[in-house]
Structure formats: C-alpha cells, structure tokens
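J.: Each chain, written out:
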Amino acid sequence: MSDRLARLGGIFGFAVRRTLSRLGGGERTQILLSVGGVAVAVALMLLVTSVGVGLSASETVRASNADYAIIPSGGSSATLDVGRAGLGGAHSVVDDLAGREGIASATAVRIDSLQVAPNATPPPDNDSVTLLVVGVAPAREGGVVAGIPTGALEPGDPHYANGTYEGPFTGETVLSPAAADRLNATRGTTLRPGGTSRPGGADRTLRVTAIRQPRAPGVGQFPVALVHLSELQTLLNDTTGDPFDQLLVETEPGATDVEATLAGVYPTGTTVVSRDDLFAGAGGRSRLPAAIALAAFVVSLVVGTLFVITTMGFELAADRERRAVMRAIGLSGASRTAIVVVQTFVVAVAGGVAGIGLWLAGIAVTNTLAGSVSGVPIAAFRPVLAAYGLGVAVLIGLLTVPYLLLAARRGSTSEVTL
Amino acid sequence: MSGDGSTPLVVCRDVSRTYVRGSGAPRWQFWRDRDPGPSVTALDSVSASFDRGELVGVTGPSGSGKSTLLHVVGGLDTPTSGSVHFDGVDLATKSERARARLRLARVGFVFQRFHLLPSVSARANVALPLIEEGVPARERRKRATDLLERVGLGDRLEHAPGELSGGEQQRVAIARALANDPDLVLADEPTGELDTDTGATVLDLLADLSSERAVVVASHDERVVEVADRTLRLRDGGLISDE
Numbered sequence: 001m002s003d004r005l006a007r008l009g010g011i012f013g014f015a016v017r018r019t020l021s022r023l024g025g026g027e028r029t030q031i032l033l034s035v036g037g038v039a040v041a042v043a044l045m046l047l048v049t050s051v052g053v054g055l056s057a058s059e060t061v062r063a064s065n066a067d068y069a070i071i072p073s074g075g076s077s078a079t080l081d082v083g084r085a086g087l088g089g090a091h092s093v094v095d096d097l098a099g100r101e102g103i104a105s106a107t108a109v110r111i112d113s114l115q116v117a118p119n120a121t122p123p124p125d126n127d128s129v130t131l132l133v134v135g136v137a138p139a140r141e142g143g144v145v146a147g148i149p150t151g152a153l154e155p156g157d158p159h160y161a162n163g164t165y166e167g168p169f170t171g172e173t174v175l176s177p178a179a180a181d182r183l184n185a186t187r188g189t190t191l192r193p194g195g196t197s198r199p200g201g202a203d204r205t206l207r208v209t210a211i212r213q214p215r216a217p218g219v220g221q222f223p224v225a226l227v228h229l230s231e232l233q234t235l236l237n238d239t240t241g242d243p244f245d246q247l248l249v250e251t252e253p254g255a256t257d258v259e260a261t262l263a264g265v266y267p268t269g270t271t272v273v274s275r276d277d278l279f280a281g282a283g284g285r286s287r288l289p290a291a292i293a294l295a296a297f298v299v300s301l302v303v304g305t306l307f308v309i310t311t312m313g314f315e316l317a318a319d320r321e322r323r324a325v326m327r328a329i330g331l332s333g334a335s336r337t338a339i340v341v342v343q344t345f346v347v348a349v350a351g352g353v354a355g356i357g358l359w360l361a362g363i364a365v366t367n368t369l370a371g372s373v374s375g376v377p378i379a380a381f382r383p384v385l386a387a388y389g390l391g392v393a394v395l396i397g398l399l400t401v402p403y404l405l406l407a408a409r410r411g412s413t414s415e416v417t418l
Numbered sequence: 001m002s003g004d005g006s007t008p009l010v011v012c013r014d015v016s017r018t019y020v021r022g023s024g025a026p027r028w029q030f031w032r033d034r035d036p037g038p039s040v041t042a043l044d045s046v047s048a049s050f051d052r053g054e055l056v057g058v059t060g061p062s063g064s065g066k067s068t069l070l071h072v073v074g075g076l077d078t079p080t081s082g083s084v085h086f087d088g089v090d091l092a093t094k095s096e097r098a099r100a101r102l103r104l105a106r107v108g109f110v111f112q113r114f115h116l117l118p119s120v121s122a123r124a125n126v127a128l129p130l131i132e133e134g135v136p137a138r139e140r141r142k143r144a145t146d147l148l149e150r151v152g153l154g155d156r157l158e159h160a161p162g163e164l165s166g167g168e169q170q171r172v173a174i175a176r177a178l179a180n181d182p183d184l185v186l187a188d189e190p191t192g193e194l195d196t197d198t199g200a201t202v203l204d205l206l207a208d209l210s211s212e213r214a215v216v217v218a219s220h221d222e223r224v225v226e227v228a229d230r231t232l233r234l235r236d237g238g239l240i241s242d243e
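Protein sequence lines correspond, in order, to chains G and F. Take 1 as the starting number for the first sequence in the numbering used here and just add one per residue. Take 1 as the starting number for the second sequence in the numbering used here and just add one per residue.
It is possible that part of the hints are untrue.
[As the list claims (entries may be wrong)] One side only, chain G facing chain F, incomplete, derived with CB under 10 Å:
hint, residue
1, L20
2, R140
3, R187
4, A334
In case anyone wonders, no lab produced these hints; they're calculated from the structure. Glycine is no exception: its CB is placed at the ideal position from the N, C-alpha and C atoms.
Whenever a hint applies, use it, and build me the whole structure from the sequences.
T.: In structure tokens:
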C-alpha cells in the first residue's frame, strides 16, 4: 500500500514538475497555447459575468443604499417600466415604516418619463428632451437613488404638505451628466417640464441644483433627473392615492425579520426583493445578468474545451515518442495515463490562474473605457468570481481528459520506433 | 533470478517477427476491401541465448533485424512465431502489463538517440523507473544520485538533458537503464550518435556492467565486436553466425 502511495505521489509530482518545467522551458509552444486557450476562455467568461453583475447592480436597489425593495408583483424592472405607478399611499407608508424596529429608512420612488426644455418655453419645442424623472422624498442624511446621490435635494417632501399638495414647490432637480449634456444645462439652469405628459399636468419650472456623477452603472448613465416625489406627482397630475412605483428600505445593522415586516405592508400584490436576491438574479427582476453569465459559462466551457482538445491533441502526438520510451522502461499504462491526466489538469489550472489575471486586467480596461464614455464603471469585481473561474478551468480539464485519453490510446506507442 | 544457474537468462527459439504494412481500409469502412498490405519479415527463425556475465554484440546491416531482436528479447514486442523465455518464463504467455512489470524490474533499455525526457533533470530522468517501482522520494533521489556518480556524472545531477553533451546524455540513459538493477541491459546502437572517443567510453562502461548481468549491444560499430564476449551476426532477419 505504501509502495502504491509512493508510486501515485511520485507520478503526480513527476507530471506536475514536468509540465511546469515545460511551461518555462524551451518546448513550450503547444502547452502555452493550451494554457492561453483556457486563460482567454476563462477571462472572457469572468469579464462578461462581471459586466452582468455590474448591470444587475444598476437595478434600483443595487444603485441605491437600500437593502430591500417592495415592488408590485409581476412587474419587470421598474427602471424600464415607466409610467406605471403600481403602489399607493407613498408618504403614509414611509412614515409608518420609519418607526418600525430594524428599519433605518424607507424611501418611496416614482419613475416616469417627462419632456423637459432648457428654457422658459413650455415643451414641446425643438430643444426639449425626454428625461427619466425619478421622484423621491430624500432622507435628511442623504442617499443614492437610481445611482444618483440625493443630497442636493431638500430633505423630505415639502410640497406634499400632509397630502394637500399645497406646500412650497421647491422645483429642485438633480441631473445626471447625460441629462445635463442633453439639455446643455448647468447648476442654476431653469428647466420647463412639459406638463403635457399627462393631461392637466402642472405648469411649473424646475431649477438645476446639482449635476451628479452616477455612483453605480445603470440607469444613472442615462438622462435622469431626480425631483421630489410630490412635485413629480403634481407635474404628472397624478396625485390621487399618493401613487409611486417602489419602496426602497434600508435596514439597521443586525436587523432580523425585516422581510416579514415588509411583506405585511402590502399583504397582496407586491413582492419584497432583497439585495441578495438581485445579486443572485432571483426575484424575477434580474434574470438578464444571470442569463448573460450562464451563456458566458457555456461558451467558455465549449471554447476552452475545444481549444485544449486541439492543442493538447497536437501535444500528445508530439509526445508519442516519449510515451513510447516510458513504456519501454516499464511505466504501466495506468501511470502513463495518469501523467496525461495530471498534465491536462496542470494546464487547465495554469490557464485558470492566467485567466484570472487577464480578467483583472480586462476589468481595468473595460472600466477605463466605460468611464471615458459614460462616466461610470460597468464591470464589477467580486473575489468569488476568481474561485468560479478556477472551477470552470478545472471543469474544462475534466471535460478534456476523456478525449485525450482516447487520443493517447489510439496513438499506440508500441508502433513507435525507438 | 535464474531458476537453476545453468539455464541462460534469455532463450530465444526459432523466433520470427513479421510486420504487415498498412491494413487496407479502416475497420468502419466495412464496404471496402480489407486485404492486408504486404508483410515484412524482420526476424526469421532466430535462436539465441543470453546469460549473465556476458556482453553479446549483435551486428548486421540496417534492416537486418537487430532492433527487433532486442525488442523481442526485452519483452517490448512479441514474436509472431517461436518463443522467448525470460528466466524460464515464456513471454508470449504474459500480458502487456506483466511484460511492463518485467521490463521495469529486470530489463534496462539504452537507445541510440538517448530518449531522455528533456524537461526534467538528469536525476529525475534516472529516477523515473524508481517512481513506477514505488520507491519513496528520498530513496529515489539517493539511488539516482549514486547511479549518476557511478557513470561519472555526479556533478551534472540537476542539469537538463539539453545542457549535456551527447556522451553525457548517453551515460544518463545508461544510469536510467540501471535504476532497478536489471538482469539484462539492452543497448540499441548506443554509440551511433557519439564521436569515436565518447563511443569507446560508453562501450567500456557497458562492458563493465556485463560482469554482473547480461548486456546485449546492437550496433554497426565494429568496436562492439572487439569488446563483446560473443557476437550474433544478422542479415535479412536471419542469424548467420553466433560466435
């Protein structure tokens, strides 16, 4: 038994040393190609997954400092499904939740599209643009909604005035750079929203109080304007029932059972989505990043496996004479097979490690490019993805081994002239 | 170990080896003609014996069957007809696995082009058969070091084959052949790639080894005849003299 262990350990160590020294030695072309193939496949998969994760982070919850969101059941991404206020009683629900145990803050959000002109002339005119307007009652301590910091808006929602909508209309708006660019607006610019997106919309003006870079990829990269919730409702002439789209909830550290509390706010017709759900692509809202990641996984596995099969196949053919020598000096078929298997896994793992390096470089390049175009990084770094990449590399090795063993078996070493 | 001391280590009786060149259509192309191609007789009814303590030379022109005879004697190949008994055991009755074990434990091969693994050190090359034998790592290193010192390469332990001269590489190959202290060493054209002086050194080394084991050297090199105790001369696969 100890002989057997010594043999297994010896064969394993020999194969690892031989493969590694070949990687660094003179006859490394084929093996380096194999490692490079796995590395590129793994790096591309991780990069696509990183972008997917980055895009999932652009969902409203991820692009805010919220831990949970209450959304209407069956709704798709609220950031895309504008003009649909599915929930009611925004301010009373927020007041109610603010006093609950474990809840740090609750923010009602309304998202709609609105035509806005950069002057006093009501749109539509030639200069008007359509903005994604996010209505929010900002917390005193500030926060981030749709990737945009709310700090430049007056805290609370003064125009609401206990449901009378007779409080002061602040007209404050925070623009994303894309919106400011489209409107050619700067801080202090007066904007004229078209109260025409809904019949009877109020004829008011807005004043740009700040232009803020989005803190997360996603909706904030588009022309977005943050305004107070009640003022958006007024502009849209849609104040009945205090409608809104989703409720963002930030919990206190260590809070438990918050999800059950939130589920009870609207007993039917809503879904409570956690940050983790969104990250995992669950909750029915963030399936796109998961689908992208799955597609990247499958493509990477297929491409990586085919690449290793091809290059290692050539390598096996070139190595036939040496396997014939091993046979001549008495190495058993099992040992020769083990050497091929170990060599394949060493190549796969080396490819995985190199792929992780390429992935990190790819994130840097992608985010630099994305930053220069849209101002925000789009590829997210998650350490767990490195382990994922390494796992996929091992899987590529696992899928490659049967073919290589078949190829080694077919290329009989007994016919080699030594 | 020899059964009774009087029986030669290896006995070949009427050994023939025929190869078929090409085999017609692949097996899956069942509709095509599968007539076998022309056959080539590499060995033709050769009878010979090899015993410990002697160095046997095998000479003859290219294609005379020298390499085939060595492969058959060492259990690397099996005869088409006739028999090869190694220490009383008919190799034809043994599986490939059993013959691999026999080669590992009792036969050492030395090749014309050395056939060392280029990506590992001289010591790792010598230790390779010991790995298969299940020898622990520390013992492997010690034995490989001793063998390399024995062939005069104690200062080349960590050198890769590419860093060694042809003569040094062949000595590493001889050390590898001796790793498991075999009863039989088979050397196929061991001086074919070496200059005259280096070739003579290698032949002397092989002659030294024959004091305690059987050494068979196949070669065009007439100097083999000078150092050999006995020489088999082959032509067209047949044995024309054994003297």
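J.: If a hint holds in the structure, say so; if it doesn't, say that too.
T.: Results for each hint:
1. Interface hint status for L20(G): upheld, as the beta-carbon distance to the closest one in chain F is roughly 9 Å, under 10 Å.
2. Given hint, R140(G) at the interface with chain F, is violated; its Cβ is 68 Å from that chain's nearest Cβ, farther than 10 Å.
3. A hinted interface residue such as R187(G) counts as satisfied when its beta carbon comes closer than 10 Å to some beta carbon of chain F; here the least separation is about 66 Å, so the hint is violated.
4. Contact between A334(G) and chain F, as hinted, is supported at the beta carbon level, the nearest pair being about 9 Å apart and thus within 10 Å.
Hint violations for this structure: numbers 2 and 3, all remaining hints satisfied.
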